[in-house]
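S.K.: For chain A, the structure is supplied; the task is to place chains D, V, S and G on it using the hints.
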Amino acid sequence: MQIGRVVGSVVATQKDARLTTLKLLVVQVHDHENRALEQYVVAVDAVQAGTGDLVLFATGSSARQTELTEGKPCDAVVMAVVDSWDVDGKNVYEKWR
Amino acid sequence: MQIGRVVGSVVATQKDARLTTLKLLVVQVHDHENRALEQYVVAVDAVQAGTGDLVLFATGSSARQTELTEGKPCDAVVMAVVDSWDVDGKNVYEKWR
Amino acid sequence: MQIGRVVGSVVATQKDARLTTLKLLVVQVHDHENRALEQYVVAVDAVQAGTGDLVLFATGSSARQTELTEGKPCDAVVMAVVDSWDVDGKNVYEKWR
Amino acid sequence: MQIGRVVGSVVATQKDARLTTLKLLVVQVHDHENRALEQYVVAVDAVQAGTGDLVLFATGSSARQTELTEGKPCDAVVMAVVDSWDVDGKNVYEKWR
Amino acid sequence: MQIGRVVGSVVATQKDARLTTLKLLVVQVHDHENRALEQYVVAVDAVQAGTGDLVLFATGSSARQTELTEGKPCDAVVMAVVDSWDVDGKNVYEKWR
Numbered sequence: 468m469q470i471g472r473v474v475g476s477v478v479a480t481q482k483d484a485r486l487t488t489l490k491l492l493v494v495q496v497h498d499h500e501n502r503a504l505e506q507y508v509v510a511v512d513a514v515q516a517g518t519g520d521l522v523l524f525a526t527g528s529s530a531r532q533t534e535l536t537e538g539k540p541c542d543a544v545v546m547a548v549v550d551s552w553d554v555d556g557k558n559v560y561e562k563w564r
Numbered sequence: 468m469q470i471g472r473v474v475g476s477v478v479a480t481q482k483d484a485r486l487t488t489l490k491l492l493v494v495q496v497h498d499h500e501n502r503a504l505e506q507y508v509v510a511v512d513a514v515q516a517g518t519g520d521l522v523l524f525a526t527g528s529s530a531r532q533t534e535l536t537e538g539k540p541c542d543a544v545v546m547a548v549v550d551s552w553d554v555d556g557k558n559v560y561e562k563w564r
Numbered sequence: 468m469q470i471g472r473v474v475g476s477v478v479a480t481q482k483d484a485r486l487t488t489l490k491l492l493v494v495q496v497h498d499h500e501n502r503a504l505e506q507y508v509v510a511v512d513a514v515q516a517g518t519g520d521l522v523l524f525a526t527g528s529s530a531r532q533t534e535l536t537e538g539k540p541c542d543a544v545v546m547a548v549v550d551s552w553d554v555d556g557k558n559v560y561e562k563w564r
Numbered sequence: 468m469q470i471g472r473v474v475g476s477v478v479a480t481q482k483d484a485r486l487t488t489l490k491l492l493v494v495q496v497h498d499h500e501n502r503a504l505e506q507y508v509v510a511v512d513a514v515q516a517g518t519g520d521l522v523l524f525a526t527g528s529s530a531r532q533t534e535l536t537e538g539k540p541c542d543a544v545v546m547a548v549v550d551s552w553d554v555d556g557k558n559v560y561e562k563w564r
Numbered sequence: 468m469q470i471g472r473v474v475g476s477v478v479a480t481q482k483d484a485r486l487t488t489l490k491l492l493v494v495q496v497h498d499h500e501n502r503a504l505e506q507y508v509v510a511v512d513a514v515q516a517g518t519g520d521l522v523l524f525a526t527g528s529s530a531r532q533t534e535l536t537e538g539k540p541c542d543a544v545v546m547a548v549v550d551s552w553d554v555d556g557k558n559v560y561e562k563w564r
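Residue numbers (the numbering used here), protein chains in the order written: chain A, 468 to 564; chain D, 468 to 564; chain V, 468 to 564; chain S, 468 to 564; chain G, 468 to 564.
Excised from the complex, chain A in its bound form:
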């Protein structure tokens, strides 16, 4: 998985039938020091994440292992909202601070 920040969402009406009702988020990838990278992914939202949230996303076939995404042409899913993480004993991010 990787850490990312939800920065927006995508609207698409002309799409594969299996994708109907899925919310598509624009996620900017962050590194383990919480620096934004020049990398993004469009991911299905499986946890009702909000804009600005730091999240975990999974890619590939693993992105289809949620109830929402099973059997769908979806290669990235936001499957957790991050509360906090630490690196080398230091707190890098704390949601509720």
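What the hints contain is simulated information worked out from the structure, not anything from laboratory work.
A portion of the hints provided could be inaccurate.
If chains are identical, the list can't say which one is meant, so a pair holds when it fits in one copy or spans any two.
To be verified - Only pairs whose alpha carbons sit at most 20 Å apart, straight line, appear in this in silico EDC-like list of lysine to aspartate or glutamate:
1. Lys490 / Asp553
2. Lys562 / Asp550
3. Lys490 / Glu537
4. Lys557 / Glu505
Owing to the predicted nature of the structure, the values given are computational and were not obtained by experimental measurement.
M.R.: The following block gives chains D, V, S and G in isolation, referenced to the frame of chain A:
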């Protein structure tokens, strides 16, 4: 998923039997600010996208999760035409503008 | 899928039993403007491609979706010989020209 | 697989139901000479690795081939703690030294 | 698949139960001109490759398509020892020379 622009198509008559009838699009990858990247993919068209359309494409095994591509040697599929998206509260792209 | 040029082949006698009889091609990756990239892949030949041919190859689990490669430790397959493609209305490559 | 060092962990309470109880590690990728790379992954811990441990992690669908991760939206798993490795006849790393 | 050179091996006793008895090789990736790249992978040995051997390895779910690796958290497998290959009509590598 990633965002891309349909820039062309590929013709191939000598191909694996399971690929017959699939339309193959050349898609240039765009970033979340709608800048064209020096990256492309050839993807099966599952939504009758047109040249110039901004689309979403899925890769890997997820590319086989449409009726058209199931069980086929296809690792990229265009599964949505993008209407619009926003980043950090600003509209980046609007199809009908 | 990506476009590549068949530049050679690999011989390997000491190999996994399931790979016997498969032809292994060295494919140099090309971009959508037909420029050779500093990237290559060794792919199983599913369409009797010849040296010099421009081809499409699929990677990952999709590479096992041909009769030849099903159930085999193969992560790249040449599944089409390209006749032609166009980008932004211009013909980039034409096999028979 | 790749080698990495466990540098921290991630806490997430709002997450997909299937992920409950899994421990999420922040792993910094190392190269074969044991140099830390500017690359990281968040991986499920399948072997009770500790902070500072050098570990092996697997990605993609292979990350779901442990009892803990089967059928879960997990695309990276720590499945071994490294004791030692050598490159070109020289010992690069020895845990118990 | 990609070409690599077996440069070492990894020892790990604390590991997922399904991995027991598998030999883990350190493989340095080579390009099609046989130049060593600054890239490596740890792969399960399915063909009793020796140190120094040039080999083919497969990644992703395809790495689980050998008898040894089926159903295991393994995302890279050495499934062939390379005898020789050629690029543009010239022999790049010959094992027995």
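S.K.: Each hint should be assessed against the structure and marked as holding or not.
M.R.: Structure-based check of all given hints:
For the homomeric pair lysine 490 and aspartate 553, the shortest alpha-carbon distance between copies (13 Å) is at most 20 Å, but the shortest distance inside one copy (29 Å) is not. Taking identical chains as interchangeable, the C-alpha atoms of lysine 562 and aspartate 550 lie at most 20 Å apart only when both belong to the same chain, with a minimum of 5 Å there against 32 Å between chains. Within a single copy, lysine 490 and glutamate 537 get their C-alpha atoms as close as 14 Å, which meets the 20 Å cut-off; across copies the closest is 23 Å, which misses it. In this homomeric assembly, lysine 557 and glutamate 505 come within 20 Å of each other (Cα to Cα) only across copies, at 18 Å, whereas the closest approach inside a single copy is 25 Å.
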